[in-house]
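Number of protein chains: 2
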Amino acid sequence: MTKFISKRNLQFLIKEVFQTKTLTTYDYYSEHNEKMFDMVIDEAQKLAVKLMYPVLDEMDKKPPELVNGEVRVHAAVKKIMKEFGQGGWIASGFSKVHGGDQLPFTIKGVTSFIFAASNYSASAYPELTTGAAELITSFGSQDLIETYVPKMLDGKWQGTMALTEPAAGSSLSDIITTAFPTDKGYFKIKGVKTFISAGDHDGVENIIHLMLARIEGAPAGAKGISLFVVPKKRVDNNGHLVPNDITTVSIYHKLGYRGAPAAELSMGEKDDCRGWLVGQENKGLSHMFQMMNAARILVGLASCAIASAAYYAALDYTANRRQGRPIAQKDPSIDQIPIIEHADVKRMLLFQRSIVEGSLSLILQCCMYADLMKVTEGEEKEKYGLLLDLLTPVAKAFPSEFGILSTNTAIQCFGGYGYCEDFPVEQYLRDVRIHAIHEGTTGIQAMDLLGRKMVMQNGKAAFLFVDEVKQTIHTALEIPGLEFFATQLANAMKELEKVTGFLFTAFGEKGVDVYLSDATLFLEFYSRIVISWQWLIQGIASQKALFGKCSKKEKNFYQGKVFTMNYFFRYELSKAAALATRLMDKDNLTVEMKSEYFKD
Amino acid sequence: MTKFISKRNLQFLIKEVFQTKTLTTYDYYSEHNEKMFDMVIDEAQKLAVKLMYPVLDEMDKKPPELVNGEVRVHAAVKKIMKEFGQGGWIASGFSKVHGGDQLPFTIKGVTSFIFAASNYSASAYPELTTGAAELITSFGSQDLIETYVPKMLDGKWQGTMALTEPAAGSSLSDIITTAFPTDKGYFKIKGVKTFISAGDHDGVENIIHLMLARIEGAPAGAKGISLFVVPKKRVDNNGHLVPNDITTVSIYHKLGYRGAPAAELSMGEKDDCRGWLVGQENKGLSHMFQMMNAARILVGLASCAIASAAYYAALDYTANRRQGRPIAQKDPSIDQIPIIEHADVKRMLLFQRSIVEGSLSLILQCCMYADLMKVTEGEEKEKYGLLLDLLTPVAKAFPSEFGILSTNTAIQCFGGYGYCEDFPVEQYLRDVRIHAIHEGTTGIQAMDLLGRKMVMQNGKAAFLFVDEVKQTIHTALEIPGLEFFATQLANAMKELEKVTGFLFTAFGEKGVDVYLSDATLFLEFYSRIVISWQWLIQGIASQKALFGKCSKKEKNFYQGKVFTMNYFFRYELSKAAALATRLMDKDNLTVEMKSEYFKD
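Read top to bottom, the protein sequences are chains R and G.
149 is the number that the working numbering gives to position 148 of the first sequence; each next residue is one higher, with no gaps.
379 is the number that the working numbering gives to position 378 of the second sequence; each next residue is one higher, with no gaps.
Keep in mind that the hints were calculated from the coordinates and are not lab data.
Among the hints, a few may not be true.
The list makes no distinction among identical chains, and a pair is therefore deemed to hold if it is satisfied within one copy or across any two copies.
As a list, the in silico BS3-like pairs of lysine-lysine whose alpha-carbon atoms are at most 30 angstroms apart [unchecked claim]: (1) K191 <-> K152; (2) K595 <-> K4; (3) K499 <-> K576; (4) K576 <-> K587; (5) K16 <-> K600; (6) K545 <-> K595; (7) K576 <-> K152; (8) K554 <-> K600; (9) K63 <-> K554; (10) K595 <-> K553; (11) K234 <-> K36; (12) K382 <-> K83; (13) K499 <-> K587; (14) K80 <-> K499; (15) K600 <-> K545; (16) K587 <-> K495; (17) K157 <-> K51; (18) K576 <-> K495; (19) K22 <-> K556; (20) K553 <-> K83.
Use the sequences and the hints to build the structure in full.
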């Protein structure tokens, strides 16, 4: 069977690293236990193997088509939405009140990881529906909830996030889609939305857009944006679905992520597109951010899921492909060895593993914060919320940027075969490439981290993070074999303090433009430290296990963890120093560079 | 008109940096002059614009097909081969004796750059033919030369390099295709070759394979490999072309580089495939290396050509796409600004420009060494030969690895649009990805650099390189504005000395496996220094020009050069230090990591 994830690693993270079962001591999660978590994960894997992985290649090769104004998708989509609905996978994270299982985010994260690793495009349909339905339950009226949520959680209706417009992508505050008030409880919507994932398709009965628009006369900018439910088909007085005047103008032909359509939609061409306000007027952007923050974590998760699938493909190939001999061995008559025996190939595999397992660990850490935020109160709740806020841009951007490098390295492990469609790795590179772009580009994440999260509440979140890392270092220092790593991380934290100090001074002296000019570098610098912290956390669990009794097989697993941690510290954390050098350099060339200097 | 290269930059490199016209003082190149060089470059650009760029997208969308045993390629290929033949482009670098123009490698390099930037797949057909014909003229008998070379230079017959076999890719010494001697002046060939670029197609009359095979009974390994001409159709006694028992088994469906077929060929299924020995028996690998070294430079050139096309696409897009406002500007009612005004976008553009122009400069430097090697004698000739040998793996690997990152960054500049087929950048990423694989993967280049080139003749080449850099530093120190860069480069050279010293000690103490285990990191470390050197050379020419009289437009160009140099030193050379840290780390984890630690 093709391996795209390591179940052993998932168990390691859930049980040994994050001890997710501790969540079941809280009332909200008290009906769960560890056995149930295991069952959920097993079922997710079965579904992925049965339903999703088998159509990975086909959904890529036969992408959606726009035929007579409707988008036709692969037949598997209908089946997937149905099974995800009936199996409760779309609803699993919802409260019982809304028909869900109250599954912790952490376990829900694991299932999302498995689905995305098996077939990212296929997984996007139910995941988007979950996100859209959550938004309605959080901010929508009882009427909206009753009309839309059950059908969505059932997989009968698709949910979307309809934000982007042709002239408003990264600059969301510039959207111009307009909502005209009527006296009938709905608004009339006019405008164009673009790049809407699953924005139209024939795998479901209806499409429910969670759409940002500006109520006529609302203030300019972010303060005048509201959130609406705008269905493709609305329910008429007789309970029938009738068209709601949304036209699918076109779909994009994309590099990857080809199994799901990205549609351009035009609303109100016949002045008959109706939308219903969700939450408060002019608060749409802040409402949407609930979905967007979860979506950002999901993007990071999907990136490392795709990188995971590519890594296991490369691991399998390198263990079986024979090429070359040990360097010191000159005799050409002896057999060639599996390429996994070459140090450079091991380096490439360790790189991939360090990215995949380091990123996944961070994302499950974020999920744990989300779970703890949900079930705790007061200062504790605030703490987890702040940590989650702080780490969200890292959890989004690091896996998506390094996921590109990781899948690219998987191709390199295959040599020429990796460049061919006969092996899946070229598709993984194409698929993963979207993630550094959608749900806020890496540049946007960087501005969010340095411009907002690092400074919010006078740096409270940043200080809380320092405490978390210090605790990990403290624990590690007491475990034989980890001193080097604890010390390296402590040094990196000192460097972080210096860098942020330097940047805050620059902010004061030179202003915000200079302060944020290398935000993307800061994001990478910070991410390398964050992922090292996650590796040290994993190293602690692994060393502890190695000191206990364990089988040969288990020993190999934990040794692999320790080597991968070692790899990350020596090859990847070491690069943080170079970024720090640049970040503390007073030359502001990217600010001073003039656009005309690019001309010739 | 779509811009894919900067002619201004080519003029800068040829005239101001490398002063290519000095070559015309040597007898071999004496019939040329600078005006003729200009004309050749102009004509190349016209051809690229007229013939190649217009089919860039189409050749990608309609890749070759194998129909009834023959490969059908886009109709443009026939036209291109014809015009390249008739226009003398395939032959331009050949000596007059063989029907060429004796064009310097440097100018030939510029034309190859232009062609590859306009449409890499299309350019591969004539370039491969040039390389194969060169090999015949260098080592083939007069008879072989007369039979094959004129038709190849005319564009009527395609040339190929037929090296790779299913079980012998990176490990070339393991090829098993066999040549059975006959008493009729030819050998009978039996075997399978794979990934043969332009290995079969209907755009020409005939395909001429320069093929490695083992003469029956030859020693195992590299010492038993010979070089043959093996045509698809051979000339019978009546001068007619008859089939030579080569079957096209399949063609690969590839991620990119889709305009040219990569074929799997089977020779001698009917025991009637004839091959003719080129050069000496069992010297095939060393003969082939002449072609391979040139091919490696060409791969580097093509990588930076594709990155150039992607960069100019991104530059154009960012200058026109409006999104966001200056960070300090809070008023949402003012117009959005072109994204090129954002510091992070300028950083991404500077990164691309620094890679494209830095790599191109290095490659033209290598071409100049090749030219000087050709026209000088004795110690001077040896010096240029050694420098060329040393820098070839850098000129191949750096542009191909950083070309991936550069085109990837071009996509990022486009945001979501970059992920769509409506813009060319996604194709550029797919096209450029092959270059880190073919003609020797990056890992192979790294072993070549550290395992062979750095140590050959007791490090003579490495020391010659140090002298070259010292000279540049010396010159730079006398020019105002360059002191910082000269000093940084001098410091990096000291670091290089430390790193190589450390590695040589490790070689002695721990053996070759440890010595070469991080060869790929060494290659990157060395490359960052080499490219900084090329940027300093460009900085010298630019500062000199800025001190003279120049128009506003010219000033912008030179200022852009200086800013890009500054970018490379501060953002990219700074990363060499982190690589040095790892290279001088005594932990040998990639050697010690066991393959079973990857299992779970």
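Evaluation of the provided hints:
| no. | hint | verdict |
| --- | --- | --- |
| 1 | K191 <-> K152 | within (26 angstroms within a copy, 64 angstroms between copies) |
| 2 | K595 <-> K4 | between (50 angstroms within a copy, 20 angstroms between copies) |
| 3 | K499 <-> K576 | both (16 angstroms within a copy, 19 angstroms between copies) |
| 4 | K576 <-> K587 | both (20 angstroms within a copy, 17 angstroms between copies) |
| 5 | K16 <-> K600 | between (57 angstroms within a copy, 19 angstroms between copies) |
| 6 | K545 <-> K595 | between (55 angstroms within a copy, 21 angstroms between copies) |
| 7 | K576 <-> K152 | neither (49 angstroms within a copy, 53 angstroms between copies) |
| 8 | K554 <-> K600 | between (60 angstroms within a copy, 8 angstroms between copies) |
| 9 | K63 <-> K554 | neither (41 angstroms within a copy, 49 angstroms between copies) |
| 10 | K595 <-> K553 | between (61 angstroms within a copy, 13 angstroms between copies) |
| 11 | K234 <-> K36 | neither (42 angstroms within a copy, 68 angstroms between copies) |
| 12 | K382 <-> K83 | neither (36 angstroms within a copy, 73 angstroms between copies) |
| 13 | K499 <-> K587 | both (14 angstroms within a copy, 28 angstroms between copies) |
| 14 | K80 <-> K499 | neither (54 angstroms within a copy, 62 angstroms between copies) |
| 15 | K600 <-> K545 | between (59 angstroms within a copy, 19 angstroms between copies) |
| 16 | K587 <-> K495 | both (20 angstroms within a copy, 24 angstroms between copies) |
| 17 | K157 <-> K51 | within (21 angstroms within a copy, 53 angstroms between copies) |
| 18 | K576 <-> K495 | both (15 angstroms within a copy, 20 angstroms between copies) |
| 19 | K22 <-> K556 | within (24 angstroms within a copy, 66 angstroms between copies) |
| 20 | K553 <-> K83 | neither (43 angstroms within a copy, 65 angstroms between copies) |
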